[in-house]
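K.L.:
Here is how the chains run, residue by residue.
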Amino acid sequence: MLLNRKHYSKDKIVQLVIKIVPILLFILLWQVVSSNEIINSKLFPPPTEVLDALLFWIKSGVFWVDVNASIWRMLAGFLIGSLLGILAGMLTGRFRKINFTIVPLIQIFRPLPPVAIIPLVIVWLGIYDPAKIFSISFAVFFPVWINAHLGANSIPKNYLRSAGLLTTSKLHIFYAVLFPAALPSVIAGLRTAIPIAFVMVYVSEIAGASAGLGYRISISHLAYRIDIMMAALFVLALAGALTDLLFTFLVRIVFPWIKFL
Amino acid sequence: MTDTNNYIKTESVSIYYDDICVLRDINFECAQGDFVSIIGMSGSGKSSFLNALAHFIPSHGKITIPSSIGYIFQSHSLFPWMTVKQNIAFGLHDLPVKEKEYRVNELLHRIALVHDKDKYPAQLSGGQIQRVALARTFSTNPEVILADEPYAALDHHTRDKMHEWLLDILRESKKTVIFVTHYIEEAIFLSDRIIIIRDKTFIDDLEMPFSKPRDPIIRYQKVFGYQVCHFNQNGPGIYSRGFLNYCNARPIQKCPGRSLHWIQALSHAFVLN
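Protein chains in written order, with the numbering used here: chain A, 1 to 261; chain X, 1 to 273.
Wrong hints could be hidden among the right ones.
Taking lysine-lysine pairs in the DSS-like style, the calculated list, with each CA pair at most 27 Å apart, reads [what the hints assert, rightly or not]: (1) X:Lys212 with A:Lys157; (2) A:Lys259 with X:Lys119; (3) X:Lys117 with X:Lys98; (4) X:Lys62 with X:Lys212; (5) X:Lys98 with X:Lys85; (6) X:Lys117 with A:Lys259.
Calculated from the structure, these hints are not laboratory results.
Please construct the entire structure, taking both the sequences and the accompanying hints into account.
P.N.:
If you want it as structure tokens, here you go:
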């Protein structure tokens, strides 16, 4: 038993090393190539400079304002878009009549690149947060909807049949059977939507904002501060990765049975 | 058998899937408390008949059946996102908490899974899953139990055990059971009547000459015949030879006049298909 556990932890360490080594090698290569002027360091500042810029940005106090603004917008847009997507997906996936009437309408909007609606949304809602949250929600809605729809539509018949014989409460069947049965698909949709929400945060902030990670990238471009631009890009990527990690962690905590499906 | 002979009744029931006839003109009656098995080859329409009884699929004709039905499925019988305890409690959500707890615990004891009550179905064996399904089906105390090949995916030993669990739980509650299977031995052991489906209709309706409550020991009285029957299930012909061996192991001479007839009919149902 003890031996097994030792082997297990050794495996874990090896796995961690295998994961970290390529990242370290990448940073090292970047440093060597840039600081030795193999390529223009003005256009491609080394990691040490990017780190300096990041620290400067954090010390200036603006960093948290930017992160706060972007994360708040992302969360609000993601929550609204995904809630509507789940609701619509459950309805279109389970009710034939709703499917026939609503799905053609959704399918007209679905191929539209979400980025393309931003100018129109600015005209309608201005350049402030409501416009950004609307754009993010719009982009998040479609992947969440299609996955929830497919999940709700492909629930094994026997689940619903046994539920229908055991209880007459439609509400009980909805939250105790329909929703959990469709949940793996819903979760897949939400995970797909997380990076999409980050893309939309970035794009909508470029289109006009006074704070945010996208805004920072945009103005550092104008000021020719490529080091800050890279630091902001790094933070944006990190925020996306951490959100995905947090999401999978929360799913495992809230729905411990998910691994059995 | 009780005298209420049309507790479950179908009159000229036909079932179609996209204009293809699966069952034609079925007239069936079942008394309260009866255990009726329906046997037939794969695709003969036995599951469709059960689904029509439960109103899962549309059918032509008239079906009379009590509204309180329990159904045991072969697959997807439990909700994988619920623990054993939650699965059994699913149909009892209207009850006060204490009463629900009491009922669930009683059923958990009944199926001897008290220590596994917090496990998920994926952590259970096939036999344990079907025991939980049995408890869940009985949790709401339905009047009629419909079972669609519930034990077909289990190994012989587990299946035999499941028969004993089922008979045990039925001994007190006296439910009416319609049991679909393609295992002849299973049908004979459990049933009061066996109905044979062939050519889209019920070709025979046979009464079983064994006493009730059924004693599991009868299966082991002539061990050899029983074994031959079990190990020869490789095709319709062998199936019936196994069946005849099984029948030879039973005290046929004590059966009513139809005894020879039911042996022949059951054999023909599979040999001639």
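K.L.:
Hints first: check each against the structure and report whether it holds.
P.N.:
How the hints compare with the structure:
A hinted pair counts as satisfied when its Cα atoms are at most 27 Å apart, and lysine 212 (chain X) with lysine 157 (chain A) does not qualify at roughly 35 Å. Using a Cα cut-off of 27 Å, the hinted pair lysine 259 (chain A) and lysine 119 (chain X) holds, with the two alpha carbons roughly 13 Å apart. A distance of roughly 17 Å separates the Cα atoms of lysine 117 (chain X) and lysine 98 (chain X); the hinted pair therefore holds under the 27 Å criterion. Note on lysine 62 (chain X) and lysine 212 (chain X): the hinted pairing is violated, with a Cα-Cα distance of about 31 Å set against a maximum of 27 Å.
Between lysine 98 (chain X) and lysine 85 (chain X), the direct Cα distance comes to roughly 14 Å. Compliance with the 27 Å bound is thereby established for this hinted pair. Taking the CA atoms of lysine 117 (chain X) and lysine 259 (chain A), the gap is about 18 Å. The hint holds against a cut of 27 Å.
Of the hints listed earlier, those the structure fails to meet are numbers 1, 4, in rising order.
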